[in-house]
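Since chain A is already given, all that's left is putting chain B on it; use the hints.
From first to last, the protein sequence lines are chains A and B. As numbered in the numbering used here, residues 317 to 426 make up the first sequence, in order. As numbered in the numbering used here, residues 21 to 134 make up the second sequence, in order.
These are computed hints drawn from the structure, not numbers from a lab. All C-beta atoms, glycine included, are put in the ideal place defined by N, C-alpha and C. Keep in mind that a hint or two might mislead.
Here are some chain A residues pointing at chain B (derived, C-beta under 10 Å) [said to hold, decoys possible]:
#, residue
1, Y348
2, Q354
3, D365
4, R367
5, F405
6, F416
7, G417
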Amino acid sequence: GESVGLHLPTLSVQEGDNSIINCAYSNSASDYFIWYKQESGKGPQFIIDIRSNMDKRQGQRVTVLLNKTVKHLSLQIAATQPGDSAVYFCAENPSYKLIFGSGTRLLVRP
Amino acid sequence: KAGVTQTPRYLIKTRGQQVTLSCSPISGHRSVSWYQQTPGQGLQFLFEYFSETQRNKGNFPGRFSGRQFSNSRSEMNVSTLELGDSALYLCASSEGPGADYGYTFGSGTRLTVV
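Pulled out of the complex, with its shape left as it was, chain A reads as follows (with noise of 0.2 Å):
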């Protein structure tokens, strides 16, 4: 069936380093795939989105890299800082809704 995966439940990084949180997707019809942020408390939030037309895309010190041969999405945060602490989801579009991955928790270390 379909579905959108993640290979670490946690991660964890010391303040000031990079992160990459990785996401493997199942369905080779999806053309959209967005990365969001959940804080405790809150819903989730935007934080890049990548068509399946491009390898990559850069933002405010994140970047989304999508390798559709193994489709695989990945998601860079620079200068990882406290705030950044949250759980991290991929989302894929393969028709009218968005198929989600299970989550990856980032703890930042001061």
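The following block gives chain B in isolation, referenced to the frame of chain A:
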């Protein structure tokens, strides 16, 4: 510009009761989608409304229903509540139908069924 507003924030109901949750989208957004978030199943699509019409529905039983009003506000209803319905219910609004218009999520309604 106000974000997506969901009310109430917290709700405790007894098994067998019914519940109605409300979502007010961002002004100008005509599409509202609902998702259920649980620790075990993660985020799962419930349904989507656009211009007062349900466009798509996820794999949930008929106890889950919703509607959208002419001002784009949406409500979802769960009847005959079960313990497994305990979850965070998230509403997302977008300018157009479908997920690729870009969602903005509300903070959710935390439903606890006892």
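Hint check: 10 Å Cβ-Cβ cutoff, R367(A) to chain B: Since the shortest Cβ distance to chain B is 8 Å, the answer is holds.
Chain B contact restraint for Q354(A) - C-beta distance below 10 Å: At about 9 Å, which falls below the 10 Å cut-off, the nearest Cβ of chain B leaves the hint on Q354(A) intact, so it holds.
Residue hint G417(A), partner chain B, criterion CB-CB below 10 Å: This interface hint holds because 8 Å falls under the 10 Å limit.
Interface hint compliance - F405(A) to chain B, C-beta minimum distance less than 10 Å: Hint on F405(A): holds, closest Cβ of chain B at ~7 Å, below 10 Å.
Per-residue hint verdict: D365(A), partner chain B, C-beta under 10 Å: holds (7 Å)
Interface restraint verdict for F416(A) against chain B (beta-carbon cut-off 10 Å): holds (4 Å)
Restraint outcome when Y348(A) is required to lie within 10 Å of chain B by C-beta distance: Holds: closest Cβ of chain B sits about 5 Å from Y348(A), inside 10 Å.
Consistency with the previously given hints is maintained throughout, with no hint failing.
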